[in-house]
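Protein chains: 2
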Amino acid sequence: MAKIGDVAKLAGVSTATVSAVINGVDTVKPKTKRRVLAAVEKLNYQPNLYARSLARGRSRMLGVIVSALDNRFFAEIAQIAETNALESGYQVLIASTQFSMDRLRSAVRQMIGMRVDGLVIMTSEFDPGVLEMLRSRKVPVVFEDVGTVDPTTSNMRVDYEGGIQRALRTLIEMGHTRILFVQSHLDVAEWNQMLSIRLRAEAFRDAARQFPEVEASFLDAPGVLFEAGQVAAAEALNRFQFTGVIANCDPIALGLLSGFRRAGLAVPADVSIIGFDDSPECEYTEPQLTSVRIPRDLIGRAAVETLRRMIESGQPGCEIRIPTELVMRESVARPRVREEVAAR
Amino acid sequence: MAKIGDVAKLAGVSTATVSAVINGVDTVKPKTKRRVLAAVEKLNYQPNLYARSLARGRSRMLGVIVSALDNRFFAEIAQIAETNALESGYQVLIASTQFSMDRLRSAVRQMIGMRVDGLVIMTSEFDPGVLEMLRSRKVPVVFEDVGTVDPTTSNMRVDYEGGIQRALRTLIEMGHTRILFVQSHLDVAEWNQMLSIRLRAEAFRDAARQFPEVEASFLDAPGVLFEAGQVAAAEALNRFQFTGVIANCDPIALGLLSGFRRAGLAVPADVSIIGFDDSPECEYTEPQLTSVRIPRDLIGRAAVETLRRMIESGQPGCEIRIPTELVMRESVARPRVREEVAAR
DNA sequence: CTGAAAGCGCTAACAC
DNA sequence: GTGTTAGCGCTTTCAG
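Those protein sequence lines, which keep their order, are chains A and B.
For the record, in the first sequence the residue sitting at position 75 is 75 according to this note's numbering, with numbers rising by one throughout.
For the record, in the second sequence the residue sitting at position 248 is 1248 according to this note's numbering, with numbers rising by one throughout.
Don't read these hints as lab results, they were simulated from the structure.
Everything hinted at is true.
Okay, derived cross-link-like pairs now, DSS-like style, lysine-lysine, Cα gap no bigger than 25 angstroms in a straight line:
#1 B:Lys1138 - A:Lys9
#2 B:Lys1033 - B:Lys1009
#3 B:Lys1138 - A:Lys42
#4 A:Lys9 - A:Lys31
#5 B:Lys1003 - A:Lys138
#6 A:Lys29 - A:Lys42
#7 A:Lys9 - A:Lys42
#8 B:Lys1009 - B:Lys1031
#9 A:Lys138 - B:Lys1009
#10 A:Lys3 - B:Lys1138
#11 B:Lys1042 - A:Lys138
#12 B:Lys1031 - B:Lys1003
Let the sequences and hints guide you as you build the complete structure.
Here it is as structure tokens:
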């Protein structure tokens, strides 16, 4: 593979000149420049980025780590962050962890090894060791839903409380008095890592307390998938009385929808459903699913903007509040007859 | 940031010894090793990967370029390829192009600059210049649905023909005689690049020719999205007679489903629908959508396996045939009354 | 305006 | 077993 020396020789100049030309330093005589460019073209020269970054001592790269690329939520964030970073003149390194802490750690090591200028870590799982690793090296990082903020660490805090509260209030205002919250139940190890899921559950607890007139119940769904929701639907009908349900995440809500209908209930006539995340599937169902939207585009954008501010202006880490919003669709309505029909 | 020399000094050894230790070369006395490891720990040392790759002359990295990460199809392939490569001991560079040829080119340049050992390029768009760039540098590549195969270029060829044929035959066997194919219509520039979409359309043309008894019609949907399908549904009802329809891709099929129902038709009683891609949404709809499945996992896996064979055993490029399969769900049934009810 | 040369941090012979 | 040292390919002063 051609190297800078080859180009220099062919063009009859020194490597310094070639370097200047390919880096757009404008002190080279047009004629020389043309000769160099011709040589570059001729040899199909492509600079070795390792050598370059090593010499420069900087990478102008941003790292983006997410839990799973085949998950809408993370993928969209990664996508937007990538595009944004590219537009700001940074190259981007994307990695996924598949929810494995080992992979998280090794991805972070990789990124540190590549001397990224900053790092966006949007993962469900979390490892304090990683935080420490980054902090001690003063690598600017933006996390999501991790409590800490320090000079080199920012945190995006999604306003789950607000979203859940709006969902609950909406149901109440429509006349629902018996409301079920379906939480994802994960085994303890996972549970502790999936902060966002826990936050939503807690948010519901808190919100329910503000409305003593409603009868709130909780059901653990076995996981975070569609099937979990279907199973939960049956169980819910057995164990609870309710006309409205809020799900911890959309797949569960979708499963509930399917489960309730199988059980012969009409949605929203017999039971209203609100999901969480506003995934695209919400629009494809019959009825379309009302859901709390987390603005993924905003997250992706805010993440790299914050990072840039930390990198370029030395701004210390900060907390970025990400609002949520209730997207009304068709799965919510007034309960059929108040008090009389409890779902069943 | 600590460098290898610092570690060496602290441990009272030479850099060569430190290098041996961190690279697992087993010629270091256990005691020395421990000292080195302690120093590494103490200084929080993380090797500079640029320096390492530069010195080694190899990167042990694979690049994966897809059109869009926020698209199920590509994301899943990227995800599986990443996991696979990681398991085979390669680091992975993931980039997306957002369907832009400029971004494709610059991603490829980036990867070449990083001296990846091989490259997986799964994009809808394509640029012959990229092929040339890679070929002249002898970088092993696996493309998808690009005609060429040469010593350093492999190609995955998805069996659209088989899938379309099975879909068509299934409808025919059920008694459908008037069948509509809804193609995505893109403007010419894009069109030429979206090979896969064109291949599917051609496959339908060919398949239809094999069954002269069926009356096949074609409709161009304005794009590849849900809305395009909805619009197409209305237009289809105006312009054609049919009881079965095959869509070029799932979003369109989903849109058609929605559009037909709005128009008062029952699916599958009045009209049967078959989509293409078997995206997850197919299961969430009512009725669930029958669709032709492209095995994304197989693609991801086969891509890195092929790449490894090219890299590690110097195997020349080859064509990898990817089968497709019709996933029967609920959106297909016998037409209500043969000949009498044409959708309308 | 261009060239010579000193690194960037690490690896890998090759000595000892 | 361990140390010395010559690169890897590029950038970047500093002279000229």
